[in-house]
Structure formats: C-alpha cells, structure tokens
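> Each chain is listed here by its residues.
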Amino acid sequence: MIEAQEQNADVICATAPMGLLAELTHRCPLQCPYCSNPVDLERASGELSTEDWVRVFKEAGDLGILQTHLSGGEPTVRKDLEQITKAAVEAGIYTNLITAGVLLSKERLEGLRDVGLDHVQLSIQHVDAKLADKISGFKGGYSKKLELAKWVKELDLPLTVNSPMHRHNVEYLEEIIEFAVRLGAERLEVAHIQYYGWAFDNRTALIPTKEQVYRNADIVDEARERLKGIMSIDFVVPDYYAVRPKPCMGGWGSQFITISPTGKVLPCHAAASIKGMEFDNVKDKHLRDIWLHSSAFEKYRGTDYLPDPCKSCEFREVDFGGCRCQAFMFTGDAANTDPACAKSPHHKDLLAIAEQESQREDKEFIYRKFTKTPVTTI
Amino acid sequence: MSRERLIVVAETTPKLPRFVKMRHDKGRDRWIMLAPERILTPDEIAVEVLKLCDGERTVTAIASEMAQTYKAPVEVIEKDIITMLQGLSDKGFLTS
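Taken in order, these protein sequences are the chains called A and B. Counted the way my numbering counts, the first sequence spans residues 1 to 378. Counted the way my numbering counts, the second sequence spans residues 379 to 474.
Be a bit skeptical, because a hint or two may be false.
[What the hints assert, rightly or not] Just some of the chain B residues that point at chain A, by a computed CB distance under 7 Å:
| hint | residue |
| --- | --- |
| 1 | Arg383 |
| 2 | Arg396 |
| 3 | Lys399 |
| 4 | Gly405 |
| 5 | Leu412 |
| 6 | Pro414 |
| 7 | Asp458 |
[Said to hold, decoys possible] DSSO-like mimics (lysine-lysine), calculated; alpha carbons at most 27 Å apart, straight line:
| hint | chain 1 | residue 1 | chain 2 | residue 2 |
| --- | --- | --- | --- | --- |
| 8 | B | Lys404 | B | Lys457 |
| 9 | A | Lys86 | B | Lys457 |
| 10 | A | Lys86 | A | Lys150 |
| 11 | B | Lys457 | A | Lys228 |
| 12 | A | Lys86 | B | Lys393 |
| 13 | A | Lys228 | B | Lys393 |
| 14 | A | Lys150 | B | Lys469 |
| 15 | B | Lys469 | A | Lys246 |
| 16 | B | Lys393 | B | Lys429 |
| 17 | B | Lys469 | A | Lys153 |
| 18 | B | Lys404 | A | Lys285 |
| 19 | A | Lys106 | B | Lys404 |
| 20 | A | Lys150 | B | Lys393 |
| 21 | A | Lys228 | B | Lys399 |
| 22 | A | Lys348 | A | Lys246 |
| 23 | A | Lys58 | A | Lys79 |
| 24 | A | Lys228 | B | Lys449 |
| 25 | A | Lys79 | A | Lys283 |
| 26 | A | Lys153 | B | Lys399 |
| 27 | B | Lys393 | A | Lys153 |
| 28 | A | Lys86 | B | Lys399 |
| 29 | B | Lys469 | B | Lys399 |
| 30 | A | Lys150 | B | Lys399 |
| 31 | B | Lys399 | A | Lys58 |
| 32 | A | Lys58 | B | Lys404 |
| 33 | B | Lys404 | A | Lys86 |
[Said to hold, decoys possible] Each pair of labels, with its calculated beta carbon distance range:
| hint | chain 1 | residue 1 | chain 2 | residue 2 | range |
| --- | --- | --- | --- | --- | --- |
| 34 | A | Asp234 | B | Thr419 | 18 to 28 Å |
| 35 | B | Arg416 | A | Lys58 | 19 to 29 Å |
| 36 | A | Lys228 | B | Thr391 | 14 to 24 Å |
| 37 | A | Ala129 | B | Arg416 | 25 to 35 Å |
| 38 | A | Glu222 | B | Thr436 | 28 to 38 Å |
| 39 | A | Arg108 | B | Lys469 | 26 to 36 Å |
| 40 | A | Lys228 | B | Gly433 | 19 to 29 Å |
No wet-lab data here; the hints were simulated from the structure. Yeah, the Cβ is synthetic: ideal placement off N, Cα and C, and Gly gets one too.
Working from the sequences, and respecting the hints, build out all of it.
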C-alpha cells in the first residue's frame with residue numbers, strides 16, 4: 001500500500017518508479033508481426049504534443065524516474081524528438097533511443113547526441129538481408145540499419161543491438177552475436193519474443209521449439225564467457241518454455257511506467273490487453289498523482305491479491321506471480337498466477353500449445369498495421 | 379569500447395565508458411550508475427573509488443589516495459580495488 005503526502009518526500013521516494021517507457025508514437029515504417037504495441041494502435045491525430053511530453057518528463061524527473069526508453073512505434077517519426085529528448089536529459093533522466101534505424105540521417109543523429117542522448121538501441125531482425133526485410137515487411141531496411149550502426153559508432157555513441165528471437169532467426173544466434181560484435185555493440189539483447197498482442201495472433205507462425213530455445217541458452221553461456229568485458233548479452237526465453245515466471249515489470253506498479261502516444265499511463269506496455277482496466281491520462285493529471293492513486297496501478301500492486309499457488313509460495317516476493325496480461329489471456333482473470341509458472345494448473349496447457357504450434361511451418365504472418373490483415377507468407 | 383577484454387592491473391588508468399553515467403540519486407539519497415537496462419548501486423567505498431576513475435589516475439594512485447582516506451594498508455586496498463574494477467569491467471561498466 002502506498003500512501004504519501006507532498007511534504008513526506010521520504011515515503012514517496014522509497015516507492016518511486018525508476019523506468020519510463022515513452023511510446024512517443026505508434027507510427028512505424030516497419031510491420032514486424034511480433035510488435036509489442038497493442039493490437040489497437042493509437043493514431044497520429046491523438047498523439048501528445050511537444051509541450052505535453054516536455055512537461056511529462058519534468059514530472060517524471062521530479063517523481064524519481066532515472067531512465068527512459070524513447071520508443072514507439074518508431075520514435076524518429078516525430079519531428080520534435082530532439083525537444084523531447086532534451087527535456088528528458090534536463091530532468092536528469094538517462095535516455096535510450098529505441099529505433100528501427102531506417103528513418104534517421106547522420107545529421108539528425110548528431111543533433112540528438114548534441115542535446116544529450118545517452119544511448120542508441122537498434123533493432124536487427126535477422127543477419128540475412130532478405131529475411132530481415134521479410135520479417136519487418138520493409139524492403140531495404142537492413143542496409144539502412146547497417147548504415148545507422150556505423151554512424152552511431154562514428155559519433156561515439158554507445159550501441160545496443162536488439163534482435164527479438166523467434167522461429168525464423170532462432171537457428172542464427174551465433175551469427176547474430178558475431179554480427180553485433182562486428183557492429184561495435186557494447187550490448188546485445190536477444191530476448192525471445194513473448195506472445196502477447198501482435199505476437200499472440202502470430203504465435204503459430206513464430207514460436208520456436210523448446211530444443212531450439214535451450215540450444216540458444218547454451219550458445220549465450222559460451223558467448224558471455226568469451227565476450228566478457230567486450231559485449232554484454234541479455235537473453236530471455238519465451239514464457240511458454242520457462243519453469244518460473246518472470247518478475248514482470250519488477251512487480252506491477254512498483255518500478256515502471258509506460259506512457260502511450262495519446263498520454264495513457266499504464267503499469268506495463270501490454271496492460272491495455274486486460275479487459276476492464278481504466279487508465280488515467282497525463283493530459284488530465286500530474287504523473288505523480290497517477291502513479292500513487294490511479295486504479296490501474298493500485299489494482300495489482302503488491303502481492304496480497306494473489307491466490308494460490310502464489311499465496312503460499314516462497315517465490316511470491318521474487319516473481320510477484322509473473323505477468324498479469326498472460327494470466328488474463330489464459331485464465332480470464334489477471335489476478336491469477338501466470339501460467340508460465342510450473343505451479344500454475346494452466347502450465348501444462350501452455351506448454352502443450354507451444355509444443356504443438358512450434359511444429360507448424362505453413363502459417364502466414366499477420367503484419368502489424370493500423371488495419372489488421374494477412375499480407376504475405378514467409 | 380575496445381574489442382578486447384580489459385585486464386585491470388596496477389598501471390591501468392580506469393574510467394567509466396561514455397554510456398555509463400554516475401550520478402547522485404537525490405530522491406533515494408544514494409549514488410547510482412546508469413546504463414541501458416541497468417542500474418547499479420555501488421556501496422560507499424566503491425563510489426569513492428569510482429569518483430577517482432578519471433582515465434588519468436592509475437589504480438596504484440587511486441589505491442594510495444584511498445589508503446590515506448581510510449587509514450588502511452595500501453597493498454590490501456589495491457588488491458580489493460583491482461577485484462572490484464575487474465568485476466565492473468567484465469560487466470561492461472568500466473574501460474581505460
């Protein structure tokens with residue numbers, strides 16, 4: 001339970017959030033079928049203004065936010081990205097640009113660096129140009145990304161390469177690792193996609209086999225040892241093949257805030273998938289007020305609401321019962337134990353679905369678009 | 379960042395890489411190191427060491443300053459500092 005008064009700074013700070021995912025827009029030239037944006041994308045006409053974002057970052061800094069991901073959609077679609085970045089920097093927040101890299105010029109990147117951008121995270125869909133472009137649904141994207149990676153290093157900015165993993169690149173992990181080293185990345189993120197939102201709709205076309213995922217884990221172990229002090233690697237397995245659930249968001253309403261393009265404030269970027277949730281908007285209320293009192297944040301804060309097997313579980317304060325969105329998708333009640341946990345009565349169904357669907361090879365992608373229709377086969 | 383693992387020795391002149399920011403977190407009254415997807419909270423002594431990692435001082439010079447401040451034998455301190463810095467370097471939080 002969080003209770004705090006304006007004057008009681010200690011209490012506020014002890015429970016203050018640390019990370020802010022700023023979805024500046026849902027517009028994106030890429031159409032990756034596992035996009036983490038909600039299936040109901042928010043349109044450009046409703047997006048927050050420059051002034052809104054500048055004010056939000058001031059509020060975020062005051063609230064205790066330490067890091068922000070300037071994300072989307074594709075954040076560089078916004079012409080005011082420099083002003084927004086500058087506002088975050090001035091609020092003392094560590095800024096990470098999450099980009100597909102196909103729209104940025106070197107001049108613009110330099111401008112972003114000059115206002116204080118701390119870090120660039122570039123998505124690479126595959127090491128093979130043709131497959132990369134097919135996965136992202138954007139022709140010529142791969143070569144533009146390579147160009148951007150080169151500029152990032154020329155401008156002496158730090159680089160993370162992010163390759164979301166799935167069936168169509170799972171056998172290329174070694175190549176992806178070497179590729180990221182060659183690009184000069186300090187960090188590589190090879191998280192298997194999680195099957196929410198767009199990826200849930202595309203699960204049959206994307207989910208790898210358990211054996212493939214476990215082989216990936218071995219490859220990562222070896223590479224981490226070999227690349228110690230050269231490049232760090234973050235690896236995440238799909239929930240379907242996990243034994244313990246992830247401590248999603250480090251606990252609901254405990255460390256992170258997501259703000260959608262239109263200003264909705266969410267405990268997690270997928271939270272809109274839970275039916276019946278209501279979200280406050282930064283246009284109406286101060287971010288601190290929303291953090292402390294919004295019903296969406298209050299709803300699953302802490303662990304008191306969790307039923308068994310969580311209630312009596314020793315890991316309750318470690319993983320907080322896992323992911324609320326996944327619990328909702330599978331059990332119809334977001335308060336239930338995440339079925340990714342082996343102790344959940346739904347876990348065996350989750351695994352069975354994964355094992356069955358991972359054998360399918362003929363499924364078309366539903367590309368991420370503002371209107372949802374199958375487009376092509378991979 | 380160089381494409382080789384940094385092995386920290388007495389002559390190393392350590393510094394934080396460009397993408398790691400060390401700053402005081404006023405709200406929580408502690409020092410933090412910020413990097414993408416990572417927040418480190420070094421303890422009080424580590425903070426003092428890191429403040430001296432300016433890319434010019436050697437580990438030996440840092441150890442001797444710390445030995446004076448904390449009135450401890452310089453050999454012990456130097457060994458501890460090397461271990462700590464090597465750990466940070468292997469995680470990608472330190473360069474030279």
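> Can you name, in rising order, the numbers of the hints this structure does not satisfy?
7, 8, 9, 19 and 24
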